[in-house]
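Peer 1: Residue numbers (our numbering), protein chains in the order written: chain A, 1 to 794; chain B, 1 to 333.
FYI, nobody ran anything at the bench for these hints, they're computed from the structure.
Covered, in the sense of this in silico footprint (three residues per stretch, anywhere, with C-beta under 8 Å from a C-beta of chain B), are these stretches of chain A:
no. : stretch
1   : 420–432
2   : 527–541
3   : 572–581
Yeah, the Cβ is synthetic: ideal placement off N, Cα and C, and Gly gets one too.
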Amino acid sequence: MKIILSWLNEFAPFGPATDDNIERLAASLNSLGLAVEDITRTGAPIPGVVTARVLRTERHPDAAKVHRVYVDAGDGAERHVWCGAFNMSAGDVVPLATLGTVMPDGRDIQKRKILGIASDGMLCSGTELGIDDDADGILLLPSDTPLGRPIMEVLGVEADAVFELDLTRNRPDCWGHLGVARDLAAWLGLSLTMPRAELGKLGETRRAPVTIVDGDRCGRFTSTVMSGIRVAESPAWIKGRLALAGMRPINNVVDASNLVMLELNQPNHAYDLDALGGGAFRIRRAADGESLVTLDSIERHLTRRDLLICDGADAPIGLAGIMGGLNSEISGSTTTIALEVAWFEAEGIGQSVPHLNLRSEASARFERGVDPYGVDRSIARFAELLRESCPSLVVHAGTQDARSESLPPDQRSTRVRIGRVNALLAVTLTEHDIARLLEPIGFGCSSPAPGIVEVSLPSWRPDCTSEIDVIEEVARHHGYDNIPKSVRKSPRGGGLTPAQKRRRRVRDVLLGLGVSEAMPDVFLSPGDMERAGHRGGVVTVTNPLVAEQSVLRGSLIPGLLKSIAYNESHRATGVALFEVGHRYLPGDGVLPFEAEQLCVVLAGREAPGAVEVWEELRAALGWTGTALAAPDSTIPGLHPTRQAVVMLGAGRSGRTVVGSVGEVDPSVLGGFGVTERVAVLDVDLGALLAIDPPVPQFSVFSRYPSSDIDLAFVVADSVAAATIQSAIERSGGALLVHTELFDTYRGVGVPEGSRSLAYRLRLQSSERTLTDTDVAEVRQRCIDAVAKAGGTLR
Amino acid sequence: MIDEINSIRTAAMDAVRAATSVESLDAAVADHLGKRGSLASLKTRLGSLATVEEKKAVGQRLNDAIADVAAAAEERRNALAADERALQLVSERLDLTEFRRRPSRGHAHLVTQAWERLEDVFVGLGFSIAEGPEIETDWYNFEALNMPPSHPARSMWDTLFVDHGAPGSTVLRTHTSPVQARVMTTQEPPIYVVAPGRVFRNETADATHMPVFHQIEGLVVDRGISFADLAGTIEAFTHAFFGPGFTSRLRPSFFPFTEPSAEFDIRRPDGSWLELGGCGMVHPNVLAACGIDPEEWSGFAFGFGIDRMAKEYHGVDDLREMYSNDIRFIEQF
Numbered sequence: 001m002k003i004i005l006s007w008l009n010e011f012a013p014f015g016p017a018t019d020d021n022i023e024r025l026a027a028s029l030n031s032l033g034l035a036v037e038d039i040t041r042t043g044a045p046i047p048g049v050v051t052a053r054v055l056r057t058e059r060h061p062d063a064a065k066v067h068r069v070y071v072d073a074g075d076g077a078e079r080h081v082w083c084g085a086f087n088m089s090a091g092d093v094v095p096l097a098t099l100g101t102v103m104p105d106g107r108d109i110q111k112r113k114i115l116g117i118a119s120d121g122m123l124c125s126g127t128e129l130g131i132d133d134d135a136d137g138i139l140l141l142p143s144d145t146p147l148g149r150p151i152m153e154v155l156g157v158e159a160d161a162v163f164e165l166d167l168t169r170n171r172p173d174c175w176g177h178l179g180v181a182r183d184l185a186a187w188l189g190l191s192l193t194m195p196r197a198e199l200g201k202l203g204e205t206r207r208a209p210v211t212i213v214d215g216d217r218c219g220r221f222t223s224t225v226m227s228g229i230r231v232a233e234s235p236a237w238i239k240g241r242l243a244l245a246g247m248r249p250i251n252n253v254v255d256a257s258n259l260v261m262l263e264l265n266q267p268n269h270a271y272d273l274d275a276l277g278g279g280a281f282r283i284r285r286a287a288d289g290e291s292l293v294t295l296d297s298i299e300r301h302l303t304r305r306d307l308l309i310c311d312g313a314d315a316p317i318g319l320a321g322i323m324g325g326l327n328s329e330i331s332g333s334t335t336t337i338a339l340e341v342a343w344f345e346a347e348g349i350g351q352s353v354p355h356l357n358l359r360s361e362a363s364a365r366f367e368r369g370v371d372p373y374g375v376d377r378s379i380a381r382f383a384e385l386l387r388e389s390c391p392s393l394v395v396h397a398g399t400q401d402a403r404s405e406s407l408p409p410d411q412r413s414t415r416v417r418i419g420r421v422n423a424l425l426a427v428t429l430t431e432h433d434i435a436r437l438l439e440p441i442g443f444g445c446s447s448p449a450p451g452i453v454e455v456s457l458p459s460w461r462p463d464c465t466s467e468i469d470v471i472e473e474v475a476r477h478h479g480y481d482n483i484p485k486s487v488r489k490s491p492r493g494g495g496l497t498p499a500q501k502r503r504r505r506v507r508d509v510l511l512g513l514g515v516s517e518a519m520p521d522v523f524l525s526p527g528d529m530e531r532a533g534h535r536g537g538v539v540t541v542t543n544p545l546v547a548e549q550s551v552l553r554g555s556l557i558p559g560l561l562k563s564i565a566y567n568e569s570h571r572a573t574g575v576a577l578f579e580v581g582h583r584y585l586p587g588d589g590v591l592p593f594e595a596e597q598l599c600v601v602l603a604g605r606e607a608p609g610a611v612e613v614w615e616e617l618r619a620a621l622g623w624t625g626t627a628l629a630a631p632d633s634t635i636p637g638l639h640p641t642r643q644a645v646v647m648l649g650a651g652r653s654g655r656t657v658v659g660s661v662g663e664v665d666p667s668v669l670g671g672f673g674v675t676e677r678v679a680v681l682d683v684d685l686g687a688l689l690a691i692d693p694p695v696p697q698f699s700v701f702s703r704y705p706s707s708d709i710d711l712a713f714v715v716a717d718s719v720a721a722a723t724i725q726s727a728i729e730r731s732g733g734a735l736l737v738h739t740e741l742f743d744t745y746r747g748v749g750v751p752e753g754s755r756s757l758a759y760r761l762r763l764q765s766s767e768r769t770l771t772d773t774d775v776a777e778v779r780q781r782c783i784d785a786v787a788k789a790g791g792t793l794r
Numbered sequence: 001m002i003d004e005i006n007s008i009r010t011a012a013m014d015a016v017r018a019a020t021s022v023e024s025l026d027a028a029v030a031d032h033l034g035k036r037g038s039l040a041s042l043k044t045r046l047g048s049l050a051t052v053e054e055k056k057a058v059g060q061r062l063n064d065a066i067a068d069v070a071a072a073a074e075e076r077r078n079a080l081a082a083d084e085r086a087l088q089l090v091s092e093r094l095d096l097t098e099f100r101r102r103p104s105r106g107h108a109h110l111v112t113q114a115w116e117r118l119e120d121v122f123v124g125l126g127f128s129i130a131e132g133p134e135i136e137t138d139w140y141n142f143e144a145l146n147m148p149p150s151h152p153a154r155s156m157w158d159t160l161f162v163d164h165g166a167p168g169s170t171v172l173r174t175h176t177s178p179v180q181a182r183v184m185t186t187q188e189p190p191i192y193v194v195a196p197g198r199v200f201r202n203e204t205a206d207a208t209h210m211p212v213f214h215q216i217e218g219l220v221v222d223r224g225i226s227f228a229d230l231a232g233t234i235e236a237f238t239h240a241f242f243g244p245g246f247t248s249r250l251r252p253s254f255f256p257f258t259e260p261s262a263e264f265d266i267r268r269p270d271g272s273w274l275e276l277g278g279c280g281m282v283h284p285n286v287l288a289a290c291g292i293d294p295e296e297w298s299g300f301a302f303g304f305g306i307d308r309m310a311k312e313y314h315g316v317d318d319l320r321e322m323y324s325n326d327i328r329f330i331e332q333f
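Make a model of the complete structure from these sequences and hints.
Peer 2: As structure tokens, then:
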């Protein structure tokens with residue numbers, strides 16, 4: 001919203017457009033929550049630019065694009081300037097930037113030579129002075145203009161400032177200068193004066209009858225007939241004001257209408273009464289399939305969601321609260337108008353706008369909330385403004401004021417407890433203080449009982465309905481900076497949960513292993529999951545930005561593979577990445593399935609690399625209840641002969657699969673454009689972080705010597721080493737304290753399809769030195785157990 | 001006999017001094033000082049001397065000779081050991097600067113680094129860390145936060161919807177505020193939590209916006225919590241996170257779930273301002289929707305972006321760089 005300082009000054013003396021004052025006002029606006037995004041200064045004096053008379057012009061034989069102009073700046077001396085514009089002749093008065101002038105764009109006017117002849121300054125266009133958009137020629141002034149005078153003084157242009165405000169949704173009133181002025185005046189302790197708004201002596205009664213058909217959407221619709229109009233240009237000050245506010249001047253009628261909107265936040269519309277069918281208005285919902293060509297010459301296709309203004313013959317002439325119809329536009333020959341000033345229900349406009357994809361200055365205001373009781377002032381202000389260019393304007397008696405059930409009540413109030421105000425804001429305000437803060441912004445205060453203030457709520461603040469809304473207004477005008485600062489500490493003390501601490505430990509272990517953290521996109525393209533081997537459904541986004549981001553990942557693997565491919569394409573091979581993040585799959589619950597996952601990918605590494613990472617994590621996090629095992633069935637997406645599952649829990653029924661480890665299937669790698677092998681670890685981090693490892697307890701170590709025995713078994717490739725090891729560990733008994741696979745061998749002496757697994761067993765008793773018999777017994781038990789598991793002693 | 005002692009001593013001393021290795025030294029010592037060595041064998045002949053005086057004199061001389069040879073042997077032994085050590089050291093020389101290689105440590109994502117620093121600061125201020133799902137129900141993301149269906153303030157967020165349940169009922173959370181609602185509906189006050197997490201908006205990525213980014217939001221609900229506690233907590237956070245030269249300021253603003261609402265800005269030591277986030281007193285409607293009596297309890301909430309903190313802290317000029325997963329970027333931090 002553009003707010004103009006000179007306009008604000010009509011409501012209260014906010015002061016001149018000097019740097020200090022502009023800064024003070026901007027700080028005040030910010031303190032009120034009317035955030036100043038930008039400030040533009042206009043019309044500031046330009047020292048050195050003065051009026052001068054053209055004495056004569058002269059061409060130079062060697063200069064085609066410039067000519068020589070001789071001027072008199074009122075001091076009798078003849079000055080010579082080179083000039084690239086040719087629109088002046090002897091006798092004209094023009095702006096001369098004398099030597100040493102700094103132009104608004106920062107240009108420094110210095111003595112410049114062309115063809116060896118110096119120039120004593122520069123003649124200026126309107127654009128160069130920052131006053132209009134005419135850059136084609138030098139600004140020409142009336143020939144009786146006094147010479148040597150500062151240009152801005154001669155033009156009557158005063159320094160001004162435009163504040164660009166970023167308004168929050170709860171301040172619809174500030175979409176007009178009045179609302180901003182009211183807040184700012186209250187803050188600065190100035191009293192507010194309303195600009196003159198007189199209907200004048202009313203003419204004979206003339207009516208443009210109004211019928212509100214759909215009262216749920218239109219709360220109030222007034223029509224006022226005005227005659228004696230001569231459509232013309234607006235006075236310069238109105239045009240200047242509209243231009244500063246970013247609107248194009250059209251004619252005196254439309255400009256008055258727009259000015260009322262920008263000043264009082266009341267959109268309105270003037271219809272040519274002679275062109276208004278039946279001379280009356282009907283406000284009704286559009287029928288599905290109905291259409292209307294709006295002022296911007298675009299045909300709009302409507303539904304029952306949209307509200308129409310129709311003429312007496314029920315023909316659509318405007319989209320209520322959004323934009324007039326092309327057929328109802330004021331023409332050059334218009335002499336009599338019917339002025340619409342209405343109140344439309346905000347939510348309805350708010351739904352119509354996105355559906356039609358049509359936003360306007362009017363709709364922006366109506367969908368936020370316009371003052372339903374500002375109508376009379378707006379009609380009078382419109383007449384006041386139009387009368388400046390139409391002295392013969394007559395406002396006729398007989399204003400129609402149709403109202404419906406959706407019009408908010410004119411009296412609203414809420415009860416505010418003074419104790420509540422002081423407790424929430426940590427202040428000590430009295431009833432008097434509260435009234436002092438609220439009354440200047442239109443809230444009325446009375447006291448029905450001690451400690452209670454009954455606050456009447458202004459009609460232009462639809463956002464304010466309850467006690468807490470009033471407390472916010474009190475806080476705002478008391479000043480957030482005037483509220484003290486204190487700190488409350490949690491009685492329980494803070495901290496990370498054990499699982500959150502363990503998540504950090506997981507990251508630290510991985511970083512220590514040289515794996516870096518990536519954050520690939522959570523959105524995937526359709527087909528990405530399938531290319532990664534996923535079977536089954538995916539979760540999709542209803543309104544994706546682009547189709548390539550329409551699927552939510554069901555696994556972290558596709559995103560990480562894309563990251564590897566990206567790095568490969570930038571000549572970075574062998575990257576090791578991990579991600580901790582959520583994955584999503586379709587589910588039957590209130591929400592889709594969602595779980596936290598850890599995925600590690602090691603480019604250029606084979607499957608055992610991922611097993612090493614897993615073992616480091618397992619040891620560091622104390623995940624002793626987990627184990628690797630051969631999968632019951634092949635895990636899709638992983639290398640079919642290089643994969644294992646991560647099991648959690650003990651016993652057949654208590655064991656669950658919480659992840660997998662291995663290598664990415666070469667065909668999947670191809671699908672993602674990855675050329676290196678990729679070792680991968682993919683685990684359900686949520687399940688693993690939930691593991692609360694027991695606190696390790698000290699055990700006395702044995703004082704007796706230990707004995708080692710080595711056993712090598714021939715084991716078919718179909719039997720997992722983990723199976724052999726657990727057979728040994730289960731059968732070894734109390735004397736077996738440690739088992740380690742220390743060699744794997746394939747080749748001569750071992751049948752095809754098998755390998756030799758060599759284990760070192762350490763035996764020890766805490767009570768005595770072991771005998772040969774003890775060792776032999778354990779050895780035999782282990783050999784027997786391994787035989788049952790499918791291993792033959794070598 | 002004295003002459004004999006002298007000559008053996010001289011020979012022994014020469015042999016010891018001439019030893020060029022520990023082995024030859026040992027042999028020389030054995031030859032002269034050993035049980036059957038030349039000097040020891042002279043001891044046996046002392047008894048054959050005539051007078052006590054003579055025995056004393058010769059014995060003294062012999063002991064002196066033995067001591068001299070032993071001392072010389074020790075001296076020679078030390079010299080030989082030093083030579084050997086010197087030789088070993090020379091042969092074992094390593095230029096350790098040959099062994100420098102690129103460290104293999106991994107690099108945490110910038111967002112994680114900022115996230116954990118923020119968590120640590122809030123833990124220090126007495127907060128716990130709350131978490132919640134990224135796919136949310138409309139109720140937790142909007143309705144519980146004082147935005148009933150079709151509330152105009154919902155347009156403050158460009159929402160991404162998920163195909164699940166009734167159309168429009170499931171969203172990718174637009175902020176981490178639904179975690180606050182979940183905490184309030186499941187925990188009894190007093191509540192002091194921060195909720196860091198991933199959030200989603202239907203916005204095209206550019207240098208300063210990502211459709212997926214990260215926020216941290218705080219929530220306090222306790223008896224007698226006031227706006228002053230909000231302002232003080234923001235100030236305490238500012239000092240703890242940015243440093244003692246930084247201060248904070250609150251400006252009125254609007255959010256549907258807080259009232260009074262504010263934006264909070266951080267003032268840098270050089271006087272410039274950083275607009276950081278939004279905050280306010282928890283709206284009574286939000287407390288009530290979450291089953292907390294707003295007459296008994298009050299609270300405040302605040303929130304801001306984590307990505308932007310990382311961007312500012314490390315001078316990253318384009319947010320998209322942080323999500324490129326380019327190892328050349330990752331390894332810089």
